[in-house]
Structures are given as structure tokens and as C-alpha cells.
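Asker: Here is what each chain is made of, one letter per residue.
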Amino acid sequence: MAPKITLIRGTPQYRNYRTLMWVSLVLFFLLVAFAYVDVGSIAIGSNKYNLSLIRLNKAIAYSVAILGLQVVVGYTGQIALGQSFFFGTGAYISAWLVADYSWPFLLTLVIVIPSCFLIGMILGLPALRIRGLYLALLTLGLAALFPTIVKLDSLYKYTGGAGGKLTTNKITGSQYKFAPPSWLPLDEIAQALQKIPLLGGYFGDGPLSNREESRMWKFILFSLVASLCFWLISNLIKSKPGRAMRAVRDNETSAAVSGVNLAMTKTISFGIASALGGIGGMIYVAEVGIASPDDFSSLVAIYLIVGLVVGGVGTLSGAVIGGLVYALIPDWASSTQSISFVPQRWLQGPTGSLILGLLLIVLTLFMPGGISTAAKKVKNRFVTIQSRANEE
Amino acid sequence: MTPYDERTWGADMDLFLQRLFDALTNGSTYALIAVAMVLIFKATTLINFAQGEQAMLGAFIVLQLWKWGIPMWGAVVIGMVFSGILAACLERTFIRKFDPADHLPLVIITLGLFLVINAVAAIIWRFDPLSFPQLFPSGRAVTIGNARLSWYSIFAFGSCLLVLFVLQTLLTKTKIGLAFRAVSSNLESSRLCGIKIGQTLQFGWALAAAAGTLGASIYAANPVLQIEPTIMLRALIFSITAAALGGLDSLWGALIGGLTIGFVQSVVVQYIPFIPNEMTLAAAVVVLLIVLTFRPSGFLGTKTVERV
Amino acid sequence: MTDALLKVQELTATYGQIEVLHGINFEVRPQEIVVILGANGAGKTTALRALSGMVQTTGSANFNGSEITNLEPDAIVRKGVAHVPQGRGTFPELSVEENLKVGAFIRSDNEIKTDMESCYETYPVLYERRMQSAGSLSGGEQQMLAVSRALMSKPILLLLDEPSLGLAPQIVEGLFERFVTMNQELGTTMLIVEQNAQIALAMADRGYVLESGEIAVEGEASLLVNDDAIRRAYLGG
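Residue numbers (our numbering), protein chains in the order written: chain A, 57 to 448; chain B, 38 to 345; chain C, -7 to 229.
Hints listed in this document are in silico derivations from the structure and should not be mistaken for laboratory results.
On a predicted model such as this, the values are computed, not experimentally measured, just so you know.
If a hint is listed, it holds; no wrong ones were tucked in.
Below, simulated DSSO-like cross-link-like pairs (lysine-lysine); rule was C-alpha separation at most 30 Å, straight line:
1) B:LYS134 / B:LYS212
2) B:LYS233 / C:LYS93
3) A:LYS433 / A:LYS60
4) C:LYS105 / B:LYS233
5) A:LYS294 / A:LYS60
6) C:LYS146 / B:LYS233
7) A:LYS251 / A:LYS104
8) C:LYS146 / C:LYS105
9) A:LYS233 / A:LYS213
10) B:LYS134 / A:LYS435
11) C:LYS105 / B:LYS210
12) C:LYS71 / C:LYS105
13) A:LYS432 / A:LYS294
14) A:LYS435 / A:LYS60
15) B:LYS134 / C:LYS93
16) B:LYS210 / B:LYS233
17) C:LYS71 / B:LYS134
18) A:LYS435 / A:LYS294
19) C:LYS93 / B:LYS212
20) C:LYS71 / B:LYS233
21) A:LYS433 / A:LYS294
22) C:LYS146 / C:LYS71
23) A:LYS433 / B:LYS134
24) C:LYS105 / B:LYS212
25) C:LYS93 / C:LYS71
26) C:LYS(-1) / B:LYS233
27) B:LYS212 / C:LYS71
28) A:LYS226 / A:LYS213
29) B:LYS212 / C:LYS146
30) B:LYS134 / A:LYS432
31) C:LYS93 / B:LYS210
32) A:LYS296 / A:LYS433
33) B:LYS210 / C:LYS146
34) C:LYS71 / B:LYS210
35) A:LYS432 / A:LYS60
Given only the sequences and the hints, what does the whole structure look like? Please build it.
Answerer: This is the structure we're talking about:
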């Protein structure tokens, strides 16, 4: 067994550890970004598994949406299953502003965040009166309603009806350009990475093309937005409102008795979750280029829940893992066309949802904390962090 | 002022009657699935999101049995038994491990089952529409003016009533039925009376699955429909709404709720001309939202609802 | 010294992470009426729930020759222990008669009907309301129903959790008189948990006082009634 390292908060070793962790994370992130700036694939057996910044951007979008679920389900304990509603709302609002009014994508957040927050708070009002299963039904029903709402004829000029809303600018007819600022030495970094012996080939050949630069920049921007969200939420959790939320989750009666305003806490939690859903939606539509009704169906709501549970309910890293799971697993499942001992016929159906469903069941039974909790346990075998020296 | 026009009046009546008859058809299916959901809800206060898929799987099993040469109604009965056994296994393996009071893991498990069962059915039978055996004599039974009531509708509704009567008898006149009602009424006291909760719940799950399979089979036996793995997805929303409308713990409420939703569906289709499919779904969801927000106990349910 | 019907040793009970009973010892002898007194939160209800298998326990509870700790509740009922929970625990949606039937659930003999009739004789009001739903009964009537329901399983030991809770004094008196009669006529051993120390000690043989999960006092009921500490704490000086 590897030696167990014990670190104590506040000491220099602890600070070094944290710095090391963050630096490696950023490095890993950059490596992945440059390696997959074009569509890359891993081949296992005779199957090709795609990995690209396109997929990763989608993963970021889902992660932010799932982060919203963490707030309302994980930290406040409300069974709110309708995140696809807000994911879609954010997407449509962004698409509409970008296409019809030439707004830059990031600016649309100024409208998306408050709108989704408000709508979330309003739709969260029933949660004040009903709980548990009834709330789950209500929210799932709302999610089921979303595609119908955007397909209404009266909203056609905003939503583009069944065909969806393209983000192509109505006036210029062209897509919004994500151009990285000139001071960012992307070409230089790419070429430096290409010089790495042995692995250099993974980073492509020569300077980055315009398309690749734009993709890279999108990836960086979205990651920054997402990181900001995660940072804000991590602070929220440690703050007083955050503790109020967790009190509500653990025992409503005790929380009320200790002075927590149940109604306000729940409503705000719904608002924040919806706002995050909207942000995720903006990222999604910025990547995909179109907001179409079926991309925001109740099935999407269920898949987001799968991401939540598989990642780990009530953890921040769980949201990241969940987003990756949702973005990659169904796609990889359908890319698996042959496994040696499995008849090919079996692999041609909706294997993606089969695996997600199985994950949901298996994890709830055996790893209720999701992957992030399991990973934490593994980490704890090697490194433990104590608050103070010799604390029992 | 337009003079009273007898022909218009007659035509309107016909249309209304026709809508009423159409409501019977779909309403009966929704009622049967709703009954299944109510059974499980009564005993466990759990909504089984996988109910529709279990029913669909059951109907496919019936179809397969029929294709293998087993006579129609025999296939239905065997299919019902088989799905009952399957449901009992599901309850034993997945549901029993959890505290019934903790809703979140159970909701998630049934969502997982929803995905898995749907995928398995799609993998085995693909998405090609298949013809289901005609369980009922075809053709019109009754014609009132221009409104046509088919044998199919009558038998569908009749099956519904039959199932409800059988359930009623089972629940009130048998020992296990009494145990089921005791568990639904007071879980802890049931334990203290020596009732084996797990087995009783299993029984409930089996009954629910059998009812659901019958419902799905009747739905698929509709001469204008064909069976494929997504048939129950929309029916699920309608059935959940029907169950909620009738009162989640009332079996007869499920029947009334189902017929009401069937009626809403046929009325809405008539009056709102655009995107008919979508609007019926939306109407059902709106009804669900209204019921859950303002009167969670529905028509006939008991008023002990999860209120804050 | 007669052999104890129920011998409890070092019984601890936990709810999740919280230990509520800290290794208590007590016993109940055949045909005795034993009372457990204590303030709210002392752990009285938990003690009974531990015996009927509803709580996580460690330690030993030996009933009629066999260990019942951590057996499933339905197995314990079959061994002859019946528990009337706090708050009656009737089945509100079921009729009075159905409640009694459920009480006899573990039995398959043909004396169930006769036993039901004797319940009706003991409590005629139950016979009057036998088709009504249990939820529509008054508090006192529900308590009668709850006790009758427990007796339908023909128990050797009857556990009663705060039978006087929420009932008017005259009703409580009548109730407890019946308990004594039952004990004398049927020979049912009773372990009663009560806050109303006065009436409990008046009809019990022996008593224990539970404080914060531990046995503080034990002894003959007649002696406990006269004990100063008990008087002050539970009998109002």
C-alpha cells in the first residue's frame, strides 16, 4: 500500500498540495484542449470513439445545468426534475438575442440569468406547498411541456417553431464568430506541444486553423464561465444561505424551528438552479448553433438527473462528472458497433439509454454517493486532510 | 338572430356523442395504467415511473406469445402472469432495499427502470410497428345518429370495469388483500400485526403490472394502432395525470380520472386545430399541474397529502 | 423466584447515530403487570420498539426462552408479543371489524370469530361501530380498538405504549380497570409504558423508572408510589 499522507489545513505543505492539484488540473485541461481541438478519436477493437472539443463543450453545458440540480436537489433536498425546461429557456433566449439582435453570446447572460432565475422562482412556488413525489411529478410535467410551448404558433417568430431557432444572425446571415484575442499565443502553444517527443503527434500539425482557433476559444470561454459558476456555488454552499439550504434538506422541521425561512430558502434555491440551467442552455446553443424543441424534452430532464446521480448528488465535482457522462456515454454507446462476444443486433438499439438506466440503478443501489464520492474514498486512502493537528 | 337549425343541433350532438365514445377507448387504457399506478402508490406512496414501460413490455410479450401460436386471450393471460412475476422480482431486487419514506432514491430507481425496460424492448423488438392481435370483435356496435360506438370501445371499457371489480374483490375479500390495505393504511402497525411487508408489496407490484399489461394490450389491440416500444411513453403522462386527477390512492378515482383524461383528449383534439398530438399532451400536463397545485387529493383521494 | 418471561440485559438502542438506550436491564415475570415510567424523551417508547423489533438494538432480550433481539417484527409477533404503539396505531381507513381481523393476521385457527365476539363484549361500543372506519372513532374508542386488536393475536406479552395519552381521566380509569381484568382473566402479561405514574403504579405489580436512557429506579409498585423522588418527579409532590 502506498504510504498515507496526512496534510493539515493551513500548513505550507497543504498549500503546496493545493497548488499542485490546481496546476495539474489546468495543465491537464490545456493538454486535452489542444489534443482534441480537432475531432479526435480513440479506437478500441473495431469501434471508434469520438472525443472532441465539440463534445466537451456540450459536457460543459450539461455540467452547469447539473450544477443547478446540485443546488436544488443535492443541497436543498427538493426533488425538482425539470431542469431541461430552464436549459431550453436559456438556449432559446440566447439564440433569439444573438440571431435577431446581434448580441454577443456572453452578453445574453445578462438577460438569461435574471429571466431564468425569476421563472424558476415562480415555478418553484408550488414547491412551497407540496413535497416529495408530487413535486417530482409537477416538475417532470413542466419539463414535458417545454417542447410544446416553444412550438406554439404564437411564439413562432421568437422560437422558430418545430424547426428550431438558428443562431445565424438575421441581418448578416452569418454565424457569430468566436475569435480569440490576438494576444493569446494559441499558435505558439500548439506548436510547442507538437515538439514534445513521442506525444507531439497528438497535437496536430502546424499552426491552428481559424476554425480550430475559434473552437479553442469557445472552449476556454465556456470553461471560464463554468468555473466562475462553480466557484460562486462553492462559496454559496459555505455561506449562511448555503447552510440554510442544507438544513432544509436534512430536516425541514428542525430548520424551521432554528429560524430558517423555509419559503425564502426554497424559492431562492429554485431560482439559482434555474439560472444555472439557463447558463448551461446558453453554452449549449452557442456550441450547437440551433435551439430545437426536441433537444429540451423531458427525456433530457431525465438524462440530466442521470448525470446528477452518476456524478454524485450533493457534490460539486459530481456535476462535472455528470456532464461528461451525459455528453459522452450515449454517443460512445452508439459508436460501439461490435464487441466480440455480444451479437451485433444487440448493439444497434438505444444502448445509450440502456447504459444510463443501468448506471442509475446500479449506482443508487451500490454507490449512492455517485462516482465523486467513490473517487473521494479512493483519494482518502492516499491522502487525508485534517483541519488541525492532532484533532480527534 | 339566426333561426334554430335542427340539422346543426343534430350534428353537434352527434359530434359530442362521438367524442364521448372516443373518450371511452383511450380513457380505458389510461384508466388501467392509472389503476396500476394507484395500486403501487397506495401501498408504498411511490410513483412507479416505469409502469408504462412494464406495461409495454408485457404487451410485447403477449404479442410474441401469440406469434408463437398461443391463442390470443391465452397469450394475454400468460403475459399478465409473466409481467406480474417480473414485477415481483423487480420489487424484491430493487425496491425493497430502500426505506419507503425516502423518496429520492426510489424515484431515481424507477426512472432507471424506465430507461432500461424501454431500451431492452427496443433492442429485442426494434422500433418497427407490429400488428397486435385483435382482441375484440371489430366493427360498430351501436350507431346513434352519426356517432359510432365500436365494439372495441365497449369491450375496452368493459375490461376496465372487470379489472376494477376483480381488484375490489381481491382487496376486500382475501387475506392478502386485507394485508395490502392494512399496509396502505398504516405501515408500522402492519408490521406490529405480523404482516410481512415485503411480500405484501410484491403482491401489489405484481397486480399492478398485470393490470398495466392488460391496459397496454387493449391499447395496442386498437384496430387503428400498431405496437412499437414508444407507445407507452405518451400514455404514461396521460395515466399519471389520470391517477392524480382521480386521487392517487383511489382505484375508482383512477377509472374516473382515466375517462376524464380520455374525454379531455378527444375534446381538445376537436377544438384546437393545430398540432393535435402536442396539444393533447400539453392539456394533460396542464391538468396535472392544476391538480397537483390546488387539489393534490384529486376527485376521490384521501386528503392526507404531502404538504409543508 | 419465578423465571422471568422477559429478561432484558444490556439493551441499547440507536436511531441512526444517536444512542437512545444505554444498556438497560429489566425483566417481566409471567402474568405480571410491569410499568416503565419516565419523562418525555427518556427512552420509554424506544424500549418497547426495541422489543418489537422496530429499532436497531444490541444486547439481549430473552422472551419465553428465545432471543428476540433483532428478529423481524413479524417473527416477534408470532412468538407471542403484541405491541400497542403510541397514538393507538389503528388502521384509519379500515373498519373496526377489519382492524380486528388484521390483529388476528398471524392466526389461522377457527376461534378468531369467537375472540372477536369477546372483544365486542368487553367493549360494546366497538360492536356498535364495527362497520365504521377506525379513523372516525374517538380517542378512547380507538384505544379500546387498539388494545383489542393486539389481543386478537392471542399474545403472551402485551406491550402498551402510553395508553392514557390524550384521553380524558374517566376514560383512562375505565381503560386501566379493563387491563387489570384482562390480566386476571386471560393471564396476559403486560408491560406498560406510561407518563401518568399515578394510575399506572396503582395497578401494576412492579415498576421501573427510565431517565435519559438508563434505569434509575426499580421496585415494587406499592413501594415506588411512596418513594419521595418519584413523588416529586412524577406524582406532583
